[in-house]
Amino acid sequence: KNEVEQSPQNLTAQEGEFITINCSYSVGISALHWLQQHPGGGIVSLFMLSSGKKKHGRLIATINIQEKHSSLHITASHPRDSAVYICAVTPLGGTYKYIFGTGTRLKVLA
Amino acid sequence: ETGVTQSPTHLIKTRGQQVTLRCSSQSGHNTVSWYQQALGQGPQFIFQYYREEENGRGNFPPRFSGLQFPNYSSELNVNALELDDSALYLCASSRDSQPQHFGDGTRLSIL
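In order, the protein sequence lines correspond to chains E and A.
Counting from 1, one number per residue, gives the positions in the first sequence under the numbering used here.
Counting from 1001, one number per residue, gives the positions in the second sequence under the numbering used here.
Read the hints as simulated data drawn from the structure, not as lab findings.
Don't be surprised by glycine CBs; every beta carbon is placed ideally from N, CA and C.
Among these hints, one or two may not hold up.
[As the list claims (entries may be wrong)] Short, incomplete list of chain A residues facing chain E, as computed with Cβ under 8 Å:
hint, residue
1, 1061
2, 1094
3, 1102
Construct the complete structure from the given sequences, taking the supplied hints into account.
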């Protein structure tokens, strides 16, 4: 079983829809990250969370530490949001490494 | 500030050969991590360097090795290449526990 699980694996939405991507993890963490990966391979950090909720533009990320669960929401989705969204955690311990989920491939149709 | 740059962007090698991938981190970033991403999968942690010392290693054999230099650059070396080593190799740098900044990766193909 992977230490970080995401759902769904693939998601197709119509422009304007509200989107939710879920992430569950099984290890103790110091932080959880949401990242975006475009087809070329580059990865961009969207959020780093250790508690509560963060908002940036149309993106909202929440985390429930007790339930070991996080969600990424996209409001008023747009075709330019099409990308792979990846959840990653920094486990407790001496390194600052990331443990990644397998990603959610999002396609937003015009 | 300059971002994280990786070279080369693409590389083709044959089984048994050796390869060196390079990464230039952002100025002031004392931590560099390397990840391997197979097609359709999430990245897997290879190892991390903190102030030029290895600071953690994932489940990769010793033929994967690395170096971090004082000028914020780093290298990933892979010996005795195998077909399964075909992947996107990502470098990421940060200042301590701050969010990592990723390069665009090197796509390595093994024939």
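Against which earlier hints does the structure fall short, listed by number upward?
-> 1
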